[in-house]
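First to last, the protein sequences are chains A and B. Reminder that position 216 of the first sequence reads as 216 in this note's numbering, one-by-one numbering, no gaps. Reminder that position 100 of the second sequence reads as 100 in this note's numbering, one-by-one numbering, no gaps.
What the hints contain is simulated information worked out from the structure, not anything from laboratory work. From a predicted model like this one, the values you see are computed outputs, not experimental measurements. Worth double-checking, as some hints may not be accurate.
What the hints assert, rightly or not - SDA-like mimics (lysine to any residue), calculated; alpha carbons at most 25 Å apart, straight line:
id, chain 1, residue 1, chain 2, residue 2
1, A, Lys201, A, Lys142
2, B, Lys142, A, His30
3, A, Lys142, B, Gly232
4, B, Lys201, B, Pro299
5, B, Lys119, B, Pro102
6, A, Lys285, B, Gly232
7, A, Lys142, B, Ala52
8, A, Lys142, B, Lys201
9, B, Lys220, A, Lys142
10, B, Lys220, A, Thr53
11, A, Lys119, B, Lys220
12, A, Lys142, B, Pro231
13, B, Lys142, A, Thr53
14, A, Lys220, B, Lys201
15, A, Lys119, B, Leu181
16, A, Lys285, B, Pro231
17, A, Lys119, B, Glu147
Said to hold, decoys possible - Far from chain A, by Cβ distances over 12 Å, these chain B residues were calculated:
id, residue
18, Gln27
19, Gly64
20, Thr99
21, Met126
22, Gln130
23, Gly211
24, Asn217
25, Ile246
26, Ser253
27, Arg254
28, Thr288
29, Gln292
Ideal placement from N, C-alpha and C gives every residue a C-beta, glycine not left out.
What follows is each chain in one-letter form.
There are 2 protein chains.
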Amino acid sequence: MLLAVNRYNNEGSMAPPTQSAIRVAFQGEHGAFSEAAAISLLARNIITVPRATFDSAFRAIAEGAADALLAPVENSLAGSVVRVYDLLLESNLGIVAETILPIEHHLIGCPGATLAGLKSVSSHPMALAQCERFFLSHPELKRVPAEDTAGSVRDVLATGDRSAAGIAGRPAAIRYGGVILSESIQDNAENFTRFVLLVPKDSTSQNPLLGPRMDGNIMKASLAMRLAHQPGALLAALQPFADHGINLLKIESRPIHGRPWEYQFFLDVQTDAPGKLHEALHQAKAATSFFQVLGRYSPARPAQS
Amino acid sequence: MLLAVNRYNNEGSMAPPTQSAIRVAFQGEHGAFSEAAAISLLARNIITVPRATFDSAFRAIAEGAADALLAPVENSLAGSVVRVYDLLLESNLGIVAETILPIEHHLIGCPGATLAGLKSVSSHPMALAQCERFFLSHPELKRVPAEDTAGSVRDVLATGDRSAAGIAGRPAAIRYGGVILSESIQDNAENFTRFVLLVPKDSTSQNPLLGPRMDGNIMKASLAMRLAHQPGALLAALQPFADHGINLLKIESRPIHGRPWEYQFFLDVQTDAPGKLHEALHQAKAATSFFQVLGRYSPARPAQS
């Protein structure tokens, strides 16, 4: 790969990185939905730093190769991205913003290619599986597994083979100069992913773009807590939120590695009275054995297709 | 594929199916962990019916091609298998038993192959990603994505190529006559999956093996419920369980497609007093807009590696 990092400006073209640009790590190849989410949250003046795994994307911050991390936390079809939550808890990063993107899989080929002329289609097996109906109606197409959705398009365009196509999002088509041969071929139209922007907790004052975003007075908070495995333990921790009229948007329990009778909970809460949230967090913490605020931020606006 | 279905007896060899054998559908290829889970729960006298996707595995029951379904619901590293929960809710199936299996990825090659002689290793990208340390210490090995872990071993053995290997569980090595070249190459040792046995609710009386399993008096129940999006709604639904001293083992919220302000919750609860459970379920139901018991069954014994 020639470029490990690339700078995007608002025309979508590339320019050499400058000192003031924010370096944002993400899991995947250039053209991934995570990269699109970073651009949608931070607009121009960012350098995106692709990494093969979530673990190495988090390491990019510790190693000084990135200033921030853009990671998916939840998909409407596949559920929570558990590994990201685990790595977030182990890190010194906090959530400062979120965005929700529709996930649309397109069939992308080389310029001059046609659907009728295709012989094989490659993508990550998850994307291949989400386009089952397309493959049922095109039994002549060979399915070729790949390690990455955007990477499958990059590889097809690199070979120039007009009989091959990849499945990925529109950003991958734009990035690699591919042509969309068939739009939105996924089985389920309601495919959305929620992404968060993660920043080291001690660096939020350095760049205003990396500080918590508060648009309006609706505040969302993401929390992690641990509770003893006994009846009523969760109730005691949730009661303060109900008492202060704070909505629970998400709750998820996770077993704790090596502690079979202790549980970890991840919660998202939301309120239009941030003062009450502070009091509720204080009271909830007293009912837990471990309590961590993963971030306070403005909720994403409803997703637009 | 020569055999769409196979019968296992307790020696692990195959025999022609008999009329009394239970046909169990699962997602994946022969040699998958789901098939091993079916054998561990039902022992001899089952016919396993492999299907490419969860959707088609569920359809196998509706189409009369299977009597039961064995499905993963939760992995310690990857979280809940959201699609299985969604399909379960839409189906007329109920959980009658559960089991927990350790997920160990082995490097599997042809007889005569050696680790030193390998050039490429194929598997599902999820398995490749879970063996990152192995690949870092063997940079000479080419990673080849495949659609299925067990299927990668089947394909390697079918070609007889001693320079190629797959990554899958021990059942795949046994099934296809492969040799384990390196054991437990996954990065994280604490990789467990919880599987459930699903049976049509109206057929439980036909075969005692397909009825609810109660070993001892500890009862677990899996529930789905919907709540209005307002502070305190979840508390009201959980209070009856705390009041009756019933433990909450798992809770997970899911947005409901097309209803942005309503939430679905999946819960597992457990008690040694089944009479109290009945009363608690009755009271919890009154606090919800939708309530469904997905199954009552004995909890799995602690997993053994």
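Evaluation of the provided hints:
no., hint, in the structure
1, A:Lys201 - A:Lys142, "violated (47 Å)"
2, B:Lys142 - A:His30, "holds (21 Å)"
3, A:Lys142 - B:Gly232, "violated (52 Å)"
4, B:Lys201 - B:Pro299, "holds (19 Å)"
5, B:Lys119 - B:Pro102, "violated (28 Å)"
6, A:Lys285 - B:Gly232, "holds (18 Å)"
7, A:Lys142 - B:Ala52, "holds (15 Å)"
8, A:Lys142 - B:Lys201, "violated (39 Å)"
9, B:Lys220 - A:Lys142, "violated (44 Å)"
10, B:Lys220 - A:Thr53, "violated (36 Å)"
11, A:Lys119 - B:Lys220, "violated (50 Å)"
12, A:Lys142 - B:Pro231, "violated (51 Å)"
13, B:Lys142 - A:Thr53, "holds (17 Å)"
14, A:Lys220 - B:Lys201, "violated (41 Å)"
15, A:Lys119 - B:Leu181, "violated (35 Å)"
16, A:Lys285 - B:Pro231, "holds (18 Å)"
17, A:Lys119 - B:Glu147, "holds (18 Å)"
18, Gln27, "violated (10 Å)"
19, Gly64, "holds (21 Å)"
20, Thr99, "holds (16 Å)"
21, Met126, "violated (8 Å)"
22, Gln130, "violated (10 Å)"
23, Gly211, "holds (28 Å)"
24, Asn217, "holds (17 Å)"
25, Ile246, "violated (6 Å)"
26, Ser253, "violated (5 Å)"
27, Arg254, "violated (8 Å)"
28, Thr288, "holds (15 Å)"
29, Gln292, "holds (19 Å)"
In summary, the structure is inconsistent with hints 1, 3, 5, 8, 9, 10, 11, 12, 14, 15, 18, 21, 22, 25, 26 and 27 from the numbered list given earlier, while agreeing with the others.
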